[in-house]
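The listed protein sequences correspond, in order, to chains V and B.
My numbering runs 331 ahead of the 1-based position in the first sequence.
My numbering runs 1 ahead of the 1-based position in the second sequence.
FYI, nobody ran anything at the bench for these hints, they're computed from the structure.
All values derive from a computational prediction rather than experimental measurement.
Note that the Cβ used here is the ideal one computed from N, Cα and C, for glycine as well.
Among these hints, one or two may not hold up.
As the list claims (entries may be wrong) - Partner residues aside, some chain V positions facing chain B, computed with beta carbon under 10 Å:
1. Pro376
2. Ala378
3. Arg382
4. Pro433
5. Thr434
6. Ser437
7. His441
Stated by the list, open to error - Straight-line distance between alpha carbons at most 30 Å, and here's what the computed BS3-like set of lysine-lysine pairs gives:
8. Lys558/V <-> Lys56/B
9. Lys66/B <-> Lys427/V
10. Lys402/V <-> Lys56/B
11. Lys377/V <-> Lys61/B
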Amino acid sequence: MTVDFIVRQWNAWAPGISCREDWQTWRDRQTFAQQEKAAIPAAVPKALQRRLSPLARAVFNAADGCIDNDKSLPIIFSSAHGEVNKSLEMLQSMQKGEEVSPTAFSLSVHNAIPGLFSMAYGNHQEITVIAPGQDGIAPAFIEALGLLQERHADEVLIVLYDEPLSDFYPSLPFALNAPAMCALALRISLTGVGLSLQLNRSSAHRDDDEHALQIFSFIKFLVADDKALVLGNHRHSWEWYKK
Amino acid sequence: MENELKQLIIDTLDLEDISVADIDSDAPLFNDGLGLDSIDALELGLAIRKKYNVKIDAEKEDVVKIFASVSALAEYIQAARD
């Protein structure tokens, strides 16, 4: 399988890094600020702002820099863990015999952030939320390219996001824990001006890191001169190639 | 009681920019007035149960009337406690 596509625009947020120049600098030192929260975009109605978790703020911040507010487009969200840390907090409070907050529950599910995003931006297009497990970031691209190939839309937004898991969860032997919270948004199309990429199935058997870390690998690929990026596991591998 | 309820609403629903004085006792809480939604209603129901030991049963009660305004809510809690 080979599919050509164009990255029309991309934007990413991590603590202390909020623009492309910051990411260029990050490529060389790969450090993050501590505990910084992403700014909430002006487009978000006041009543919804109080519902935004730090991870939601990162997602909104990254996505907002990639979209035109007058034009809704389909979105593929992809996150390994989503708001699982919130679920853990709820389980721990249940263990103490406390009642669960309905708001906390509604904001803990895997499609919570995409749901808030749809409400905040009045986006009624197709919105898909993937929990790709070991398959990393590739399924989000395959899903988005599927929508473009089927001519559902001229452009699709991909939003990849994850945050560090609570220490409660054992992360070894899986390479699934991120060094920092991160959200990456990419607006892609089949034609037009932008970074021209090709997605190929690769026959390589790899043991790459999982979703949370693959986001950083992909950002590094975007800001570096590298021609190709291969990510995968023992079952599937994919190559992104700069044409 | 009404001011106490207003503070409970602000604290429970994270309405950071709003103070007790900003909430009109007779203004609608949902949609137009404070702009609260159904999740807020559930959250508020839980907070009221914890604080006043008053359970609002959505199956049996007219919740739209109970949650109409701060004064309506205060009246309901008062009556349920007596």
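Each hint, compared with the structure:
The restraint placing Pro376/V at the interface with chain B holds, with a minimum CB-CB distance near 9 Å, inside the 10 Å limit. With a cut of 10 Å, the hint placing Ala378/V at the interface with chain B holds, because the nearest CB-to-CB distance is about 5 Å. The interface hint given for Arg382/V is met, as the beta carbon of that residue sits about 8 Å from the closest beta carbon of chain B, less than 10 Å. Taking 10 Å as the C-beta cut-off, the interface hint given for Pro433/V holds, the closest approach to chain B being about 4 Å.
Interface restraint check: Thr434/V against chain B, minimum CB-CB distance 5 Å, threshold 10 Å, status holds. Here the hint on Ser437/V is kept, as its CB sits about 5 Å from the closest CB of chain B, short of 10 Å. Given hint, His441/V at the interface with chain B, is violated; its Cβ is 17 Å from that chain's nearest Cβ, farther than 10 Å. Of the pairs offered as hints, the one joining Lys558/V and Lys56/B is violated, with about 63 Å between alpha carbons and a cut-off of 30 Å exceeded.
Our distance criterion of 30 Å between C-alpha atoms is broken by Lys66/B and Lys427/V, whose separation comes to about 34 Å. Proximity of Lys402/V to Lys56/B is assessed by CA-CA distance (about 45 Å); at most 30 Å being required, the pair is judged violated. A hinted pair counts as satisfied when its Cα atoms are at most 30 Å apart, and Lys377/V with Lys61/B does not qualify at roughly 33 Å.
Violated hints, listed in ascending order, are 7, 8, 9, 10, 11; each of the other numbered hints is respected by the structure.
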